[in-house]
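Colleague: Using the sequences and the hints given, assemble the complete structure.
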Amino acid sequence: MQADLEPRVGESPAPVRHRAPVVSNRRVAADTWWLELESPEIARRVAWGQFVMIGFGLEHLAPPFLPRPFSVGWRSPDGRIGLLVRRFGAGSAALAALRPGERALLLGPLGRPFRLEAARRVVCVAGGVGLAPFLILAGEARRQGLAVELLYGELSAERVFDPVLIEQLTDAPPQIWTEDGTLGRHGRVTDGLDASGPVTVLGCGPTAMLRALAGRAAREGFELQVSVEEHMGCGVGTCQGCVVRSADGRWLKACTEGPVFDASDLSWSPG
Amino acid sequence: MVSGLSQSVFGTEFQTPVLLASGTCGYGREYAGLIPLDELGGLVTKAVSVEPRTGNPPHRVAETPGGMINAIGLENVGLDAFIEEKLPWLRENLARAKVLVNVIGRTTDEYAAVVAGLDEEEGFLGYEINVSCPNVRGGTLFGTDEAALGELVARLRRESERPLIVKLTPNVPDIGVYARICEENGADGLSTINTFPGMLIDIRRRRPVIGNVSGGISGPAILPMGVYLTWRAARSCSIPVIGIGGIRSADDALQYILAGATLVQIGTSSFVDPAAAVTVQQGIAAFLESEGVEAVSELVGGLRTSDSAEGSAPAQG
Numbered sequence: 001m002q003a004d005l006e007p008r009v010g011e012s013p014a015p016v017r018h019r020a021p022v023v024s025n026r027r028v029a030a031d032t033w034w035l036e037l038e039s040p041e042i043a044r045r046v047a048w049g050q051f052v053m054i055g056f057g058l059e060h061l062a063p064p065f066l067p068r069p070f071s072v073g074w075r076s077p078d079g080r081i082g083l084l085v086r087r088f089g090a091g092s093a094a095l096a097a098l099r100p101g102e103r104a105l106l107l108g109p110l111g112r113p114f115r116l117e118a119a120r121r122v123v124c125v126a127g128g129v130g131l132a133p134f135l136i137l138a139g140e141a142r143r144q145g146l147a148v149e150l151l152y153g154e155l156s157a158e159r160v161f162d163p164v165l166i167e168q169l170t171d172a173p174p175q176i177w178t179e180d181g182t183l184g185r186h187g188r189v190t191d192g193l194d195a196s197g198p199v200t201v202l203g204c205g206p207t208a209m210l211r212a213l214a215g216r217a218a219r220e221g222f223e224l225q226v227s228v229e230e231h232m233g234c235g236v237g238t239c240q241g242c243v244v245r246s247a248d249g250r251w252l253k254a255c256t257e258g259p260v261f262d263a264s265d266l267s268w269s270p271g
Numbered sequence: 272m273v274s275g276l277s278q279s280v281f282g283t284e285f286q287t288p289v290l291l292a293s294g295t296c297g298y299g300r301e302y303a304g305l306i307p308l309d310e311l312g313g314l315v316t317k318a319v320s321v322e323p324r325t326g327n328p329p330h331r332v333a334e335t336p337g338g339m340i341n342a343i344g345l346e347n348v349g350l351d352a353f354i355e356e357k358l359p360w361l362r363e364n365l366a367r368a369k370v371l372v373n374v375i376g377r378t379t380d381e382y383a384a385v386v387a388g389l390d391e392e393e394g395f396l397g398y399e400i401n402v403s404c405p406n407v408r409g410g411t412l413f414g415t416d417e418a419a420l421g422e423l424v425a426r427l428r429r430e431s432e433r434p435l436i437v438k439l440t441p442n443v444p445d446i447g448v449y450a451r452i453c454e455e456n457g458a459d460g461l462s463t464i465n466t467f468p469g470m471l472i473d474i475r476r477r478r479p480v481i482g483n484v485s486g487g488i489s490g491p492a493i494l495p496m497g498v499y500l501t502w503r504a505a506r507s508c509s510i511p512v513i514g515i516g517g518i519r520s521a522d523d524a525l526q527y528i529l530a531g532a533t534l535v536q537i538g539t540s541s542f543v544d545p546a547a548a549v550t551v552q553q554g555i556a557a558f559l560e561s562e563g564v565e566a567v568s569e570l571v572g573g574l575r576t577s578d579s580a581e582g583s584a585p586a587q588g
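Protein sequences, first through last, are from chains A and B.
This note's numbering puts the first sequence at residues 1 to 271.
This note's numbering puts the second sequence at residues 272 to 588.
Everything labelled a hint here was simulated from the structure, so no lab data went into it.
Facing chain A, from chain B, some residues (calculated, C-beta under 10 Å):
1) G294
2) T295
3) Y302
4) T325
5) P329
6) S541
Label-pair distances were calculated between CB atoms; the ranges are:
7) D265(A) x I472(B): 28 to 36 Å
8) A208(A) x S279(B): 52 to 60 Å
9) R103(A) x T283(B): 37 to 45 Å
10) L183(A) x V484(B): 34 to 42 Å
11) A14(A) x I472(B): 36 to 44 Å
All figures in this text were calculated on a predicted structure; none of them were measured in a lab.
C-beta: ideal position from N, C-alpha, C; glycine also.
Modeller: Put into structure tokens, the structure is as follows:
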């Protein structure tokens, strides 16, 4: 187990802000890039499930003007971190276009990580670029002796992150699901979840997928932690922009109270 | 910090003219260890209301061209929790940076209750009154209703002898009228400006992007409007003005100062780069040195215009 998996809020060390050079940025699937940056301090401190804010700074008025949150998907002993970038709009397109040697402004590591208990089987359920936090988690946790399964779903084969690279990063092949059946198993990734026995299920992906998982967790009674996404302004709790509804009707900040929550602490009613 | 950056105003000395704007720095603690808060001129807290407020549904923020839209809904912990949980940290950790508490209410009595409830506490200099709230009785915003604004400022003046600064909305025909109302009713200063109303539409879903439908626009896109309205406000009254709106560099801040601002606030830019305020004040110091100006106070209102330039109506064409 990683010694520092406790939530990093309150008295935790402050995040680091720095201009990080791009080491490499390669297209790994349709509309999807694997972006590596030189960021030794974030690489050293990041815990599984934490994220960074990435942008270009104040000289850059075009999107992304506001920095964007990305889960840290990987770190290397020599101080690189990897982010999984999918092009949705102008902001992510600019990140996808980054070239080696160019710099991005990073702030991190941020947020509460996943919390694992050593004795339990861990099943990660990833939808789309929700794969990112499970690359670092599955890889590092397996090397520490935890039993980790990785289920990864996409709409179709063209969007699937290179399975060979996933295996390199995580030491084992993922179980791949596509909704159109063009690669791996045919169906929704949540269909592949066997949550029997003592298990901790971790979910990251579209809200509909997380809602389906939360419904099963409530019915079947297994432990489920989810990493959520919401429009974010600052990443450190000042703007109060990135809220999600709690089970008891309050607004929780995804940046500092999450992004990882116990699914039972959140409201899963649509809308 | 360079001595030329200090500004004597509101009965005290700000070590620099650069503050963090309300709603962009939480209650200060969120930036602890990330930026040297105590080296700044100061900060303005997240708004405080009598009772806690839960705020609006998501999305609450989104990027707009050269800025952002937000509709947080004035979510805050409320007066009691502010005093118990937030103010002690500010008191214990900020020795030199000045703290202004941003105050909101739905009625004059609610504003007055916050001011009265805080006034005996230690750890802050004064109040920034946010008048961009709907006035429950009249249905308009305090900041766009001349009578309601005058009553509010007069009432708060009776509640406190601390610096009372009114944060004005830009959404009025002539901000100078509102500046004078604040001055006549006892305000010590003005903050100009709050956000402009706006909206964004997701054309595929045919829905507003922001959960509250509309929100406030901030960031570099509003810089020239902020500079203009700060200039209009400063020349319409004789109380100090704090310039706000889209500042992301020392050059931007100096525009506000030349327009008449004694202090400035950094808002949206802190989201883009938490070090923005530090960079801005360092840049102002560098400008003073390169221009051979001894003190930033010499630049306040130093705009040179011809005598006929009134700027009373926007230039056409």
